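**Q** Letter by letter, the chains look like this.
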Amino acid sequence: MNSNNLRADLAVIAGLIHNGERVLDLGCGDGELLRYLLDTRQVVGRGIELSEAGVLACMRRGLSVRQGNLHEGLGDYPQGSFDTVILSQTLPFLNDLTFIFREMLRVGKRAIVSFPNWGHWRCRLELLWSGRAPLAHDLPQPWYTAPRARLLTIRDFERFCVQNRIQICSQVFLKGEQTIKTHRDRSWRATTAIYELKP
Amino acid sequence: MPLDSGEELGPIQLAYETYGQLNSEKSNAILISHALSGDAHASSCQSQTNENPGWWDDCIGPGRAFDTDKYFVICSNVLGGCRGSTGPSSINLRTNKPYGLSFPVVTISDMVRAQRHLIDYLGIDTLLAIAGGSMGGMQVLQWTVSYPERVYSALPIATTARHSPMLIAFSEVGRQAIYADPNWNGGDYYDGPRPNAGLAVARMVGHITYLSETSMHQKFGRRLRKRERFGYDFDTDFEIESYLRYRGNKFTERFDANSYLYVTKAMDYFDISNGHGDLVTAFAKSADITYLVVSFTSDWLYPTYHSKELVGVLTAVGADVSYCNVQSSWGHDAFLLEVETMTSMISNFLDRVVKEKGIRL
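Quick note, the sequences are listed as chains B and Y, same order.
Per the working numbering: the first sequence = residues 1 to 199.
Per the working numbering: the second sequence = residues 1 to 361.
Just so you know, these hints were derived from the structure itself, not from any lab.
Values in this document were obtained by computation on a predicted structure and should not be read as measured data.
Some hints here could point you the wrong way.
Unchecked claim - Keeping only pairs whose Cα atoms sit at most 25 Å apart, straight-line, the calculated SDA-like set for lysine to any residue is:
1) LYS285/Y - GLU72/B
2) LYS355/Y - GLN42/B
3) LYS285/Y - LYS175/B
4) LYS357/Y - GLU72/B
5) LYS357/Y - THR40/B
6) LYS198/B - LYS357/Y
7) LYS308/Y - SER51/B
8) LYS308/Y - HIS18/B
9) LYS308/Y - THR98/B
10) LYS109/B - LYS70/Y
11) LYS355/Y - SER81/B
12) LYS357/Y - ALA57/B
13) LYS357/Y - LEU97/B
14) LYS308/Y - GLY54/B
15) LYS357/Y - ARG60/B
16) LYS285/Y - GLY80/B
17) LYS357/Y - LEU94/B
18) LYS357/Y - ASN19/B
19) LYS70/Y - ALA57/B
20) LYS308/Y - THR40/B
21) LYS308/Y - LEU94/B
22) LYS355/Y - LYS175/B
23) LYS109/B - ASP320/Y
24) LYS355/Y - ASP39/B
25) LYS285/Y - HIS18/B
26) LYS357/Y - ASP83/B
27) LYS355/Y - ARG122/B
28) LYS175/B - ALA8/B
29) LYS357/Y - ASN69/B
30) LYS308/Y - LEU97/B
31) LYS109/B - ALA284/Y
As the list claims (entries may be wrong) - Distance windows between CB atoms, simulated:
32) LYS226/Y - SER51/B: 42 to 48 Å
33) LEU101/Y - GLN42/B: 57 to 63 Å
34) GLY277/Y - ASP96/B: 28 to 34 Å
35) ALA284/Y - GLY20/B: 44 to 50 Å
36) SER24/Y - ARG41/B: 45 to 51 Å
37) PRO11/Y - GLY20/B: 48 to 54 Å
What the hints assert, rightly or not - A few chain B positions that, by computed beta-carbon distances, are all more than 10 Å from chain Y:
38) VAL12
39) ASN19
40) GLU21
We treat Cβ as the ideally placed atom computed from N, Cα and C, and that holds for glycine.
Using the sequences provided together with the hints, build the complete structure.
**A** Right, dumping it as C-alpha cells:
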C-alpha cells in the first residue's frame, strides 16, 4: 500500500513515525495504520482494540493485537516500552482522559493523537443556525448511535494539555484531506487535528 | 524420571500420534496438548475413514488451522492418562500388577517433562508452536515456563495460569463420586467390576461445566425425551438428562476412573507461579515467546478474567501477546466448536510467527 491510499490523517501520523520504532496503536481498529507502518517503516507494532471484529481483522493482517479496553490494557505495559503510542480518532470515545494520557506518556516516549475538531466553522454554524448538535467531519454518526462520542475542539484539547502539563511538540491540522498551512485560524478551519505530545 | 512430588517413576511410556511431515530442518513441529479427557488421537486426517474422529479433527488437517500440509503436528497422551501412556492402570513392572493408587501423584509440569523427552526423542530442538485448550492450555503455559528456549510460540486457549477454587471444587465432586462407588475399592479394581457408576457421575458434572446456560437452552431446552408428557417416575424425562447419562456412560468405555483422579489432581495442583513467587517472575524468561491467548465469552469454567490476567502478565514481562475474547454461547466447549474463528486466528498467527522468527519451512 502506498500512502496515497491511506486516509489523510493516518498518512500524517505515518509521516511522524521513524524506521524501526516500537509503536503501540490504541484503538487500532482493523489494523490499517499498523500494517502500513510495518510494511513501510519496519516498526515493531502492537495494537489494542475493543471489538472482536477489529481484533480478527488485525490478525488477518498478521498483526499482534490484544482485545480489551484501554483502561485495563495500558497499565500492563512497562514504562517506556514503546517509542510512540498512537491514539488515532479514538479519543472522543474514551472516559477518564487524564488517566489515559498519563498512561500513554508513561508507556511511550511520545504520543501521537488525532481527533475530529468540533470547533470547525461548519459545526459552529450548525449549532447556531439549526440549534442541533453538530456532526464532525470525521465522525458523522448522530448523537443517538453508539458508541457515544464526546465533543471536543482544538481549543479544548490545547487547554487540556496546558492543564495536565503535556508538552505539544508538533501539530498538523487538516481541512478534509488538505493540510492547513497557517495555524493561526486552525481552531475554526481544521476538521482534524493531529498532535505529537511528550510528557 | 523425577517427579514434583519427590518420587521417581519409570519406565514411562508415552502414546503419541503425528500428522504431516517433519521437514529436514525439523523446524515445522507443533505440539498439541489435550484436555482432561482427551488422548493422542487429535485428528483422523491421516486415516482413510472417518469412523474414529480425533478430538480436534476440525482444527488439525490439510488446510485447517494447524495445516498438516505445512506443519508437523504431534499429540501425546498425558502422563497419568489411560490412553496408551503410563498411568495408574499401567502394569507396575515390580509387582506385575496395575499400579492403582500406588501410582505416584503427577503434576502438569511432570506431564510436560515427559513430553519434553518425546520431543527430544523426535530430534526436535525448538517447537514452532505448542497449543492446547483447557488442561492442554495449562501444559502450553508450563512448557513456556519450563523450557522457554525450546518454544517459538504458544497458544493457550480457554485456560488459566492457576486452577481456581471453583475448579478444584468441581474436581473434588467428580472424585468423590468415584470414591463413593463400591466397585472403586480404594483404586484396586482392575481384576473385577469397574467403578463405572462413579466415573459416569464425575463425567456428568464435568459436562455441565463445559456447557453454558444458553447452550443448554439452545441444545436441549426443557424438551422431553421420547415422551409426550411427564412420566412421574425416575426414568429419563428431559433431553438434558438423557444427554448427560449418555455422555457419562459413554465415557466409562474409554476412560479409567483412577486416571480421572490423577489427572484432575494434577489440574488442581496447577499454579504456574508455584516455586516462582508470582506470575511475572514465573514468565520472566518467556519474553521471547509469541503468544496467542484465546478465551470465550460464555466460558464460566475458565472465565475471561483468567485469560486477561495471563495476558496482562505476559505483556508486563515484554512478551508479544495477542488476545481475543471470542463471542460464543457454547461455554467452555467453545474451544472445540468455534472452528471458523479459531481457524482464521490460528492460521494467521502461525504464518506471522514463521515470518517474524525467520523460520524456514
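**Q** Looking back at the hints listed earlier, which ones does the structure fail to meet?
**A** The structure conflicts with hints 3, 4, 6, 8, 10, 13, 17, 20, 22, 25, 27, 29, 35 and 36, although it agrees with all the remaining ones.
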